[in-house]
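Colleague: Produce the entire structure from the sequences given, and follow the hints as far as they go.
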Amino acid sequence: MISPETFDHIENIKKRAGHLWRFLDCEQKQREIEALEGQMVAPGFWDNNDRAQKHIAKLNGLKRAVLPVVAFRKKVDELPVMLELVEMAEGDEKEGFERELSSTVQAMTEELDTLEIASFLTGQFDRNNAIFSIQSGAGGTESNDWADMLFRMYNRWAERSGFEVELMDVQPGDQAGITKATLLIKGENAYGYAKAERGVHRLVRISPFDSNKRRHTSFCAVDVVAEVNDEIDIDIPDGDIRVDVYRSSGKGGQGVNTTDSAVRLTHLPSGIVVVCQNERSQIKNRAAAMNVLKARLYEKKLDEQRSEMEKFYGEKGEIGWGSQIRSYVMQPYQMVKDLRTGVSTSDTQGVLDGDIDRFINAWLRAGCPRHRNKDIQMEDE
599 MISPETFDHI
609 ENIKKRAGHL
619 WRFLDCEQKQ
629 REIEALEGQM
639 VAPGFWDNND
649 RAQKHIAKLN
659 GLKRAVLPVV
669 AFRKKVDELP
679 VMLELVEMAE
689 GDEKEGFERE
699 LSSTVQAMTE
709 ELDTLEIASF
719 LTGQFDRNNA
729 IFSIQSGAGG
739 TESNDWADML
749 FRMYNRWAER
759 SGFEVELMDV
769 QPGDQAGITK
779 ATLLIKGENA
789 YGYAKAERGV
799 HRLVRISPFD
809 SNKRRHTSFC
819 AVDVVAEVND
829 EIDIDIPDGD
839 IRVDVYRSSG
849 KGGQGVNTTD
859 SAVRLTHLPS
869 GIVVVCQNER
879 SQIKNRAAAM
889 NVLKARLYEK
899 KLDEQRSEME
909 KFYGEKGEIG
919 WGSQIRSYVM
929 QPYQMVKDLR
939 TGVSTSDTQG
949 VLDGDIDRFI
959 NAWLRAGCPR
969 HRNKDIQMED
979 E
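To convert, count from 1 in the sequence shown and add 598; that's the working numbering.
Among these hints, one or two may not hold up.
Calculated cross-link-like contacts (lysine-lysine; reagent style DSBU-like; alpha-carbon spacing at most 30 Å) [said to hold, decoys possible]: (1) K612 x K627; (2) K898 x K652; (3) K673 x K656; (4) K661 x K673; (5) K612 x K652; (6) K672 x K627; (7) K673 x K627; (8) K882 x K652; (9) K672 x K692; (10) K778 x K899; (11) K784 x K613; (12) K672 x K612; (13) K613 x K672; (14) K882 x K784; (15) K811 x K692; (16) K899 x K652; (17) K627 x K784; (18) K778 x K935; (19) K784 x K898; (20) K673 x K612; (21) K613 x K692; (22) K692 x K661; (23) K627 x K652; (24) K661 x K784; (25) K778 x K882; (26) K778 x K811; (27) K613 x K627; (28) K612 x K784; (29) K898 x K778; (30) K656 x K811; (31) K935 x K898; (32) K656 x K778; (33) K882 x K898; (34) K612 x K661; (35) K811 x K652.
By construction, these hints were calculated from the structure, which means they are not laboratory data.
Modeller: Quick look at the structure:
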């Protein structure tokens, strides 16, 4: 016999899927897809290659947004057939169909969660790669070790999410940990998800570097910008940049530390400094550093056009009390709490091992937080 809970889950799936369909305006987008595909077979479509490429990019974007939801809706339409099979079956066959139905409903619930979160990634650069910058705050060795822990956490998160990680720069601390690091996280929607991590992160623990075993509070700032490459037009006069080259202090194999391959770019008008030393080639490091500089200048431009509170609630701000977005407590109890959404967990080690999707997803569901999206699971009118 099908349990009442299973019936409730099925009704919930149908309801949420319907709201998601309307939220994304899938019917209109399907008409747009048909129109764009029709234009591609028209004579002269490829006469203007730039226009054709923009056309294709728009078409692909619509398909990415709509086709997974269309496929999911077909699964929803098949649920009544599965229910009928369960009702008609008997004995062992009935039990088998019930197990299959329960498993299908669980898998569809998880898939729907993913589709809902993806529907919030509508920013101009949400699909792009993400550039993470981690900066330790005041506190010396303890803060440097905290920066290293965050560095490891984001590497683990990227691996769990199927993203590729490229280390662009890391500056080791005097005794332990790191003072700063820059990571390039590559993959579909990397920035869309990673932007939730921008802010100050606070750690409370018994410091392993304190012989008196006292409790310490440390802070680190995490900045996240989208890799923009040639997608935006940022004019940087040569006279506005100071270029310094030196020998790399990072990993990279034999030969990295024997040539002046590391590059530091200083944007004189803004004071923004970018370092890249992950490649053996100075030319490649300079090109990578320029990409990061463009991304940060573009982000700065956006910051000048709107207040910090309009953009994100809880930005980096000053690296200290009152500006943190998330608190990680290891002693006297175990708790990680996101101060923007209220989401918390006692699985501190799991979080430090990269299990941070619960915080990212809650932040995205909250609306990121400016111009909050309407709740997809709202009641029917």
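Colleague: Now look at each hint and say whether the structure bears it out.
Modeller: Each hint, compared with the structure:
Distance check on the hinted pair: K612 and K627 sit about 21 Å apart at the alpha-carbon level, within 30 Å; holds. As the CA atoms of K898 and K652 are separated by approximately 27 Å, the hinted pair is consistent with the 30 Å bound. About 27 Å separates the Cα atoms of K673 and K656, which keeps this hinted pair within 30 Å; it holds. For the hint linking K661 to K673, the alpha-carbon distance of about 18 Å falls within 30 Å, and the restraint holds.
The suggested pairing of K612 with K652 is violated, with an alpha-carbon distance near 35 Å, which exceeds 30 Å. Under the criterion of a C-alpha separation no larger than 30 Å, the hint pairing K672 with K627 is consistent with the structure, at around 17 Å. Using a Cα cut-off of 30 Å, the hinted pair K673 and K627 holds, with the two alpha carbons roughly 20 Å apart. Of the supplied pair hints, the one linking K882 and K652 holds, its CA atoms being roughly 28 Å apart against a limit of 30 Å.
Our distance criterion of 30 Å between C-alpha atoms is met by K672 and K692, whose separation comes to about 24 Å. In summary, the hint linking K778 to K899 is supported, as the alpha carbons are separated by about 23 Å, within the 30 Å threshold. Proximity of K784 to K613 is assessed by CA-CA distance (about 34 Å); at most 30 Å being required, the pair is judged violated. A C-alpha spacing of about 11 Å is found between K672 and K612, which places the hinted pair at or below 30 Å, so the restraint holds.
Of the supplied pair hints, the one linking K613 and K672 holds, its CA atoms being roughly 14 Å apart against a limit of 30 Å. Taken as a hint, the K882 and K784 pair is honoured in the structure, with Cα atoms around 17 Å apart against an allowance of 30 Å. Of the pairs offered as hints, the one joining K811 and K692 is violated, with about 61 Å between alpha carbons and a cut-off of 30 Å exceeded. About 25 Å separates the Cα atoms of K899 and K652, which keeps this hinted pair within 30 Å; it holds.
For the hint linking K627 to K784, the alpha-carbon distance of about 28 Å falls within 30 Å, and the restraint holds. The straight-line distance between the Cα atoms of K778 and K935 is roughly 24 Å, inside the 30 Å bound, and the hint therefore holds. Distance restraint check for K784 and K898: the Cα-Cα separation of roughly 22 Å lies within the 30 Å cut-off, and the hinted pair is therefore satisfied. A hinted pair counts as satisfied when its Cα atoms are at most 30 Å apart, and K673 with K612 qualifies at roughly 10 Å.
About 27 Å separates the Cα atoms of K613 and K692, which keeps this hinted pair within 30 Å; it holds. Among the hinted pairs, K692 with K661 is inconsistent with the structure: their alpha-carbon atoms are about 38 Å apart, more than 30 Å. Note on K627 and K652: the hinted pairing holds, with a Cα-Cα distance of about 17 Å set against a maximum of 30 Å. Proximity of K661 to K784 is assessed by CA-CA distance (about 21 Å); at most 30 Å being required, the pair is judged to hold.
Taking the CA atoms of K778 and K882, the gap is near 21 Å; set against the 30 Å cutoff, the hint holds. Only pairs whose Cα atoms come within 30 Å are accepted, and K778 paired with K811 is accepted, the gap being roughly 26 Å. Between K613 and K627, the direct Cα distance comes to roughly 20 Å. Compliance with the 30 Å bound is thereby established for this hinted pair. Note on K612 and K784: the hinted pairing is violated, with a Cα-Cα distance of about 34 Å set against a maximum of 30 Å.
Simply put, K898 and K778 have alpha-carbon atoms about 20 Å apart, close enough for the 30 Å limit, and the pair holds. Of the pairs offered as hints, the one joining K656 and K811 is violated, with about 58 Å between alpha carbons and a cut-off of 30 Å exceeded. For a cut-off of 30 Å, the pair hint linking K935 to K898 stands: about 28 Å separates their Cα positions. The hinted pair formed by K656 and K778 fails the criterion: a straight-line CA distance of about 38 Å is larger than 30 Å.
With a C-alpha separation of about 24 Å, the suggested pair K882 and K898 falls inside the 30 Å cut-off, and the hint holds. For the given pair, K612 sits about 22 Å from K661 by alpha-carbon distance, which is consistent with the 30 Å threshold. A hinted pair counts as satisfied when its Cα atoms are at most 30 Å apart, and K811 with K652 does not qualify at roughly 60 Å.
Comparing the model with each earlier hint shows violations of hints 5, 11, 15, 22, 28, 30, 32, 35; every other hint is respected.
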